[in-house]
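One-letter residues, chain by chain:
Protein chains: 2
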Amino acid sequence: MSLIVHKYGGTSMGSPERIRNVARRVAKWRQAGHQVVVIVSAMSGETNRLLALAKEVSPRPDPRELDVIATTGEQVSIGLLAMALKDIGVDAVSLTGWQVAVHTDNSYMKARIDTIDDFRIREELKRGRVVVVAGFQGVDPEGNITTLGRGGSDTSAVAIAAALHADECLIFTDVDGVYTTDPRIVPEAKRLNSISFEEMLELASAGSKVLQIRSVEFAGKFKVPCRVLSSLTDPDLPVEVEAVSGTLITYEDDPKMMEKALVSGIAASRSDAKVTLHNVPDMPGVASNILGPIAEANIEVDMIVQNVSVEGKTDFTFTVPRGDLENTLEVLNKKVIPVVGGGPVETNDHIAKISVVGIGMRSHSGVASRMFKALSEEGINIMMISTSEIKVSLVVDEKYTELAVRVLHHAFNLENGPSEV
Amino acid sequence: MSLIVHKYGGTSMGSPERIRNVARRVAKWRQAGHQVVVIVSAMSGETNRLLALAKEVSPRPDPRELDVIATTGEQVSIGLLAMALKDIGVDAVSLTGWQVAVHTDNSYMKARIDTIDDFRIREELKRGRVVVVAGFQGVDPEGNITTLGRGGSDTSAVAIAAALHADECLIFTDVDGVYTTDPRIVPEAKRLNSISFEEMLELASAGSKVLQIRSVEFAGKFKVPCRVLSSLTDPDLPVEVEAVSGTLITYEDDPKMMEKALVSGIAASRSDAKVTLHNVPDMPGVASNILGPIAEANIEVDMIVQNVSVEGKTDFTFTVPRGDLENTLEVLNKKVIPVVGGGPVETNDHIAKISVVGIGMRSHSGVASRMFKALSEEGINIMMISTSEIKVSLVVDEKYTELAVRVLHHAFNLENGPSEV
Chain A
1 MSLIVHKYGG TSMGSPERIR NVARRVAKWR QAGHQVVVIV SAMSGETNRL
51 LALAKEVSPR PDPRELDVIA TTGEQVSIGL LAMALKDIGV DAVSLTGWQV
101 AVHTDNSYMK ARIDTIDDFR IREELKRGRV VVVAGFQGVD PEGNITTLGR
151 GGSDTSAVAI AAALHADECL IFTDVDGVYT TDPRIVPEAK RLNSISFEEM
201 LELASAGSKV LQIRSVEFAG KFKVPCRVLS SLTDPDLPVE VEAVSGTLIT
251 YEDDPKMMEK ALVSGIAASR SDAKVTLHNV PDMPGVASNI LGPIAEANIE
301 VDMIVQNVSV EGKTDFTFTV PRGDLENTLE VLNKKVIPVV GGGPVETNDH
351 IAKISVVGIG MRSHSGVASR MFKALSEEGI NIMMISTSEI KVSLVVDEKY
401 TELAVRVLHH AFNLENGPSE V
Chain B
1001 MSLIVHKYGG TSMGSPERIR NVARRVAKWR QAGHQVVVIV SAMSGETNRL
1051 LALAKEVSPR PDPRELDVIA TTGEQVSIGL LAMALKDIGV DAVSLTGWQV
1101 AVHTDNSYMK ARIDTIDDFR IREELKRGRV VVVAGFQGVD PEGNITTLGR
1151 GGSDTSAVAI AAALHADECL IFTDVDGVYT TDPRIVPEAK RLNSISFEEM
1201 LELASAGSKV LQIRSVEFAG KFKVPCRVLS SLTDPDLPVE VEAVSGTLIT
1251 YEDDPKMMEK ALVSGIAASR SDAKVTLHNV PDMPGVASNI LGPIAEANIE
1301 VDMIVQNVSV EGKTDFTFTV PRGDLENTLE VLNKKVIPVV GGGPVETNDH
1351 IAKISVVGIG MRSHSGVASR MFKALSEEGI NIMMISTSEI KVSLVVDEKY
1401 TELAVRVLHH AFNLENGPSE V
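Sequences listed follow chains A and B, in order. FYI, my numbering numbers position 414 of the first sequence as 414, with every residue one higher than the one before it. Just remember that my numbering sits 1000 ahead of the position in the second sequence, which is counted from 1.
No lab work stands behind these hints: they were computed from the structure. Where hints are given, some of them may not hold.
To be verified - Calculated pairs, SDA-like style, for lysine to any residue (alpha carbon to alpha carbon, straight line, at most 20 Å):
(1) K1055/B with G14/A
(2) K55/A with D1087/B
(3) K55/A with I1088/B
Unchecked claim - Simulated restraints, written as ranges between beta carbons of each label pair:
(4) K1126/B with P59/A: 39 to 47 Å
(5) D1114/B with P59/A: 50 to 58 Å
(6) P1059/B with S271/A: 41 to 49 Å
(7) L51/A with H1410/B: 53 to 61 Å
(8) K1126/B with D117/A: 27 to 35 Å
(9) L51/A with V1239/B: 29 to 37 Å
(10) G45/A with V1345/B: 51 to 59 Å
(11) A1052/B with K334/A: 54 to 62 Å
(12) V1241/B with D117/A: 48 to 56 Å
(13) A1368/B with E123/A: 55 to 63 Å
(14) G45/A with L1237/B: 38 to 46 Å
(15) M109/A with P1141/B: 26 to 34 Å
The beta-carbon is built from N, C-alpha and C at its ideal position, and this holds for glycine as well.
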């Protein structure tokens, strides 16, 4: 008997019929002899409906009260799933975030989990019940209701799996796993049977939307075995088949990782803008003089490149979220240029970031050069390059996004699965 | 500075605009220097929407999970009202039933309040905040969410007012007070400036729908000064005017009650049916032999009349809710007649119960006879009579309901206000 955590998102819980399907799927796992804890999101559309209602009442809704309102979406979901389970003969009980309790800090709308009590969940499991837990929500030290921010239900699921030392955390979603790249761009993209946690983290931060990045961080911190799989298959698919479907996230000390792939996947993101401050004096402290005021304005800088200097002057380039571009310009003009000098400022919000991720590149050089060669053969100009241990990210003109992804996917033979060393 | 509890029902909270109006009304009381605790219901229609959703998922929804779902309606309301208050510069905080905490037993869907913690509410009041509390809900000793049953928000308000020893509990509703009778039947009906708790209790049980009967019982138990008043007036009406509007529920030791009214109001109810078991032997124990099995079947008997016996046989008549009539017949035929004998059984589900209520009739005879005279002059036949210390109830043919109410209203000169001794 294993302890298995399931997670179902808003689409999977989107209608009474789908909720009954989720119940059948959960029942199947319970009847196979497992203890099951299920984390669910609000029915699709519900969170947006609640936020819109709040905005109708208040133009700038108070964050604490917004959390009080938003958490009702998941509370309705847990009640509905628990009653659907009982209807088909599976003893079940629902628990809200505070009933568990999921303890968080008091940052409304983006709270971080501190600890999770496992007492109540374990008591209910001992009674033979399936425990249905509301995702996305917690309670702060004063007993106020908090939420973990958008996509927080993934984080709830992974954190609860960690607290319970669950044997596996199954994230049921509307795709059937993690792919070598977005199948809408490259139809030959292959589903990965497994991916290392670090690769998953890099893919999530590079724009892959399969898992929320905070949930991946959490999974890595506590080495939670997570599997991403489809909730759209036949709910009566045998457990033995479902148990090995989708994509398993593994950890370095996992023996399966001995056969390391060079490159596992390619992600593309079109949400950034590029900013270049020309002719800044190349002297110690200039980088922090530029990036300090930007960080203070709560703007997240992603890639940073500084060119070699010519006659004591250099060009400093970085990327920021597109929505923060105007704000960034204001900070540069008001707080940076008056201090460090330099100029003019050049911006481009028609860029794409293409990232190649693979734990194998850690020990193998040549990944970057293979990338540059493949792109240059197609005449795609590279605007920026940034490398980490297991990722190479490039910025290209936005119009080349799909082409660049296809070219790189082919260059690493990913249509045959992760390219091995 | 007084501590005032406000209660707003679903109609008052029915739209973003109405919620902003409630906020203005609450702000006015706060700005007049009072501490204010507000209890709210779910937005009108919301509880029904949630129950319908539950029924779509499960034909016979589990009561525990139904409470988990139903309580989200009030949770949304408290968040919306708290943010509307903050928007107009009034510091406010929302609290759910478990956050207060309102401790109840574990009878889902009809829980009874055991105790109410006043710590958190008092802390928030000390911080200068308006405290917005979700009505209708509580938490059982195991930490499960419970509800108090339909109309439970009135009970929440009165109970919280009692726990806080509030100076007054203002029940804002869609009528502007308690009337001598239903103004839709008698346009000349007069609003009462005050009514004794006992009269209010009798009126509530006699069919007046102004306040939920459990909330009146609670008010009486803890002598909570309650005022029923309108939420549909201009929210900016001066506090001094609003503070004396509507109808105040008073207690016997209240000096205002020295000027006792003979009769305060008349209520009518069309929800009962009459059952007569003819020819039962008139011997000790027969009443309990008839009513025992009916009580065991969870059928509530209201009026009971036993005629004088003729030749050792008597007729036994009682009223039950119309919806329980068939069930009652089954119990009589299967469990009563085989034991006590008697028969046939006669039923009538086209009856009305007319009740005249007045604390003054305690010390003054003649109320009943004045009633009979007035009705007989109009040719209205009286089928049953039942009297209590401060109420006389009559059963008449349903078709005479409005006529009987008008005749009695006039007989006691209630168009000039409560008829005095």
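field: Violations among the numbered hints
entry: 4, 5
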